[in-house]
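Undergrad: For reference, the chains in residue letters:
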Amino acid sequence: MAGTVEKKLADLGITLGTPAAPVANYVGFVRTGNLLVVSGQLCFGAEGKLLAVGKLGGAVSIEDGQKAARQCAVNLLAQIKVALGDLDKVQRVVRLGGFINATPDFLETPKVMNGASDLMVTAFGDKGRHARTTIGVAVLPMDAAVEVEGLFEVS
Amino acid sequence: MAGTVEKKLADLGITLGTPAAPVANYVGFVRTGNLLVVSGQLCFGAEGKLLAVGKLGGAVSIEDGQKAARQCAVNLLAQIKVALGDLDKVQRVVRLGGFINATPDFLETPKVMNGASDLMVTAFGDKGRHARTTIGVAVLPMDAAVEVEGLFEVS
Amino acid sequence: MAGTVEKKLADLGITLGTPAAPVANYVGFVRTGNLLVVSGQLCFGAEGKLLAVGKLGGAVSIEDGQKAARQCAVNLLAQIKVALGDLDKVQRVVRLGGFINATPDFLETPKVMNGASDLMVTAFGDKGRHARTTIGVAVLPMDAAVEVEGLFEVS
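First to last, the sequence lines map onto chains H, S and W. Residue numbers for the first sequence follow our numbering, so the first one is 5 and each next one is one higher. Residue numbers for the second sequence follow our numbering, so the first one is 5 and each next one is one higher. Residue numbers for the third sequence follow our numbering, so the first one is 5 and each next one is one higher.
Treat the hints as calculated values from the structure; they're not laboratory data. There are no misleading hints in this set.
Simulated pairs of lysine-lysine, BS3-like, Cα-Cα distance not exceeding 27 Å:
{"no.": "1", "chain 1": "H", "residue 1": "Lys115", "chain 2": "S", "residue 2": "Lys53"}
{"no.": "2", "chain 1": "H", "residue 1": "Lys131", "chain 2": "H", "residue 2": "Lys115"}
{"no.": "3", "chain 1": "W", "residue 1": "Lys93", "chain 2": "S", "residue 2": "Lys131"}
{"no.": "4", "chain 1": "S", "residue 1": "Lys53", "chain 2": "S", "residue 2": "Lys11"}
{"no.": "5", "chain 1": "H", "residue 1": "Lys53", "chain 2": "W", "residue 2": "Lys115"}
{"no.": "6", "chain 1": "H", "residue 1": "Lys11", "chain 2": "H", "residue 2": "Lys131"}
{"no.": "7", "chain 1": "S", "residue 1": "Lys71", "chain 2": "S", "residue 2": "Lys131"}
{"no.": "8", "chain 1": "H", "residue 1": "Lys131", "chain 2": "S", "residue 2": "Lys93"}
{"no.": "9", "chain 1": "W", "residue 1": "Lys115", "chain 2": "W", "residue 2": "Lys53"}
{"no.": "10", "chain 1": "W", "residue 1": "Lys71", "chain 2": "W", "residue 2": "Lys115"}
{"no.": "11", "chain 1": "W", "residue 1": "Lys131", "chain 2": "H", "residue 2": "Lys93"}
{"no.": "12", "chain 1": "H", "residue 1": "Lys93", "chain 2": "H", "residue 2": "Lys12"}
{"no.": "13", "chain 1": "W", "residue 1": "Lys131", "chain 2": "W", "residue 2": "Lys12"}
{"no.": "14", "chain 1": "W", "residue 1": "Lys53", "chain 2": "S", "residue 2": "Lys115"}
{"no.": "15", "chain 1": "S", "residue 1": "Lys11", "chain 2": "S", "residue 2": "Lys93"}
{"no.": "16", "chain 1": "H", "residue 1": "Lys53", "chain 2": "H", "residue 2": "Lys71"}
{"no.": "17", "chain 1": "H", "residue 1": "Lys115", "chain 2": "H", "residue 2": "Lys53"}
{"no.": "18", "chain 1": "W", "residue 1": "Lys71", "chain 2": "W", "residue 2": "Lys53"}
Excised from the complex, chain H in its bound form (with noise of 0.2 Å):
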């Protein structure tokens, strides 16, 4: 039985998978009290492959890297339906982070950020609005174009 906000994200035609195993010795989220910290997920798609690899402001478009921006969204939603059962069960979007993997001179991180941000305002409503730090790193793992993590406060 899926909760209103997973009926929401179905009208979107986004479905939520079994999340990608972490890539190394560590777990997708760790609750504490009723704050639920996940894990920076890259963007990998339904069939497991990343959506966009490479650096923004190289190889890969704005537009590439806000789909993958988005998919990173999605993938901290299959992480929170694992984790709760139930995504209506969040109470807030606390907090995103947002790692784009981009050359030195690339200046547009926050539009390619917007991906994520966008899908958590359209999934959660108001309580979906976040703080967020957004930053261009010098790379990623396996060179995904984008990492983000999440901070939730949940019931």
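Use these hints to put chains S and W onto chain H, whose structure you have.
TA: For chains S and W alone, coordinates are given in the frame of chain H:
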């Protein structure tokens, strides 16, 4: 009516303006329980212009980087003022995250970040002493020289 | 009197020294409620010397990077020991943030970061399994190869 902390800042010639609007689809802060999470602040000055643009180790001097970091801290305080109405409600500066736009060979990022840390201690005294992580990043939004995010325990 | 966790570490030949003083104007940790936030730890060894200097993908091998990451984790534990007196008070390693000093084409940052993650699981067992974000950064303080920060639930 300004509280004690704000008066101290005023004595130093620091006034807290209206915070810059987030440069994208997110909010300046989120409170969850007694924690206030403030989004990464760029070094926008009072006139809405970045105090320092470019990379440490490149066009930006250490001294200008320190001023930029200090301004990021001022902008964090301006967000707190909006969030809480009174800076005296800060019980502890828990953590600052410092992101320095740096060339790969610039080794003085902690010295730059002290511009932000020193201001917190000036404003809050012992309550301003915080945990901190400083990294040199490939690039920041709008090529800002410094970005600082903050986590605060509040009443 | 060392607790269970510290005895396990001693059996592995790991002793927790006095943590390195912060390299700038901040503190090693801040506790807020049941959360302990520990500052980013560089890979200082027992003699106060960085275990690995330079970039992964450059002068530093993956194996040396892993040892450096492990040392960062040891240094996190040393901070916790100062904060709590007894590592047995750690209820959960909530999150590690891994910052790898890397060239823009170095894709094995998760493998490097496992040096830190593995130590946490060794020390704390299931309580040591954590959420994690790993990124490759342009540069770190003093050109350290690895920096790791931590968030812990404590009693």
